[in-house]
Amino acid sequence: MRVKGKDVKQWLECSAGMYNQIDPNSEAPQSLLNWDGFRAYNFDMFDKLSYQIDVTKPARYDVDCNLINPQAQRIASVTYQGKPLDDNAEFLVAVNNYRAFTGKFPGTGDKNVVINAPDEVRSIIADYINRQTQQHGQYAPVAQNGWSIAPIASEKKLDIRMETSPDEHAAQLIKQSAQHPMTYVGKDDIGFAIYKVDLQSPSANKK
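Take the sequence shown: its letter number 165 is residue 749 in the working numbering, and every next letter is one higher.
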């Protein structure tokens, strides 16, 4: 797809609907993740971009990417190759048919499709991993960490929580790679692990 920088920003704003709005003046437990209708598969990240998400601001779009708060802006400090993202810069973005043709996401739709290839994105990724494994004996991906949740400035002691897998592998990954300090709280009624996320501390991502 061919999209402009301004479309990319709005696409990111749509993805930021994954998060609930956090009240920086409340010490009551607050859920970070928006489970009320937002589908996790609609949360997109763009490689090669750096940006922050301010979750203290309201979502600009609803869970279906319909504009609901025209004045809201959660996405901040967007840069490409170390420079502020130009609204009129053009980018080619590889996406699947769902993103390309539904027009659900800002900047998408038939008119912006450049190449409609028969290859499935997952097949392309699988082939790449197989080639890398054959050539190097393994595939060891490294997280780009191009984006982060903006630290929250507040005089209150915030209690922000999120759910994730209760698996030990998830716990180890959090211990090794969490961008903000996370503390295990317990499990919810379904069995998911609940963690307290310290968004008042600077992100480990310094980009």
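It is worth saying that the hints were derived from the structure and are not from the lab. We treat Cβ as the ideally placed atom computed from N, Cα and C, and that holds for glycine. A few of these clues could be false.
[Stated by the list, open to error] Lysine-lysine pairs mimicking DSSO-like chemistry, simulated, CA-CA at most 30 Å apart: (1) K780 <-> K741; (2) K641 <-> K688; (3) K590 <-> K741.
[Unchecked claim] With beta-carbon atoms standing in for the labels, derived distance ranges: (4) K695 <-> P750: 40 to 46 Å; (5) D743 <-> D703: 33 to 39 Å; (6) A660 <-> N696: 31 to 37 Å; (7) Q655 <-> P750: 27 to 33 Å; (8) Q719 <-> V769: 41 to 47 Å; (9) Q718 <-> L757: 23 to 29 Å; (10) A737 <-> N650: 28 to 34 Å; (11) Q719 <-> Y768: 36 to 42 Å; (12) A710 <-> T640: 20 to 26 Å.
task: Tell me, in ascending order, the numbers of any earlier hints that this structure violates.
output: Hints 3, 5, 6, 7 and 12 not satisfied by this model.
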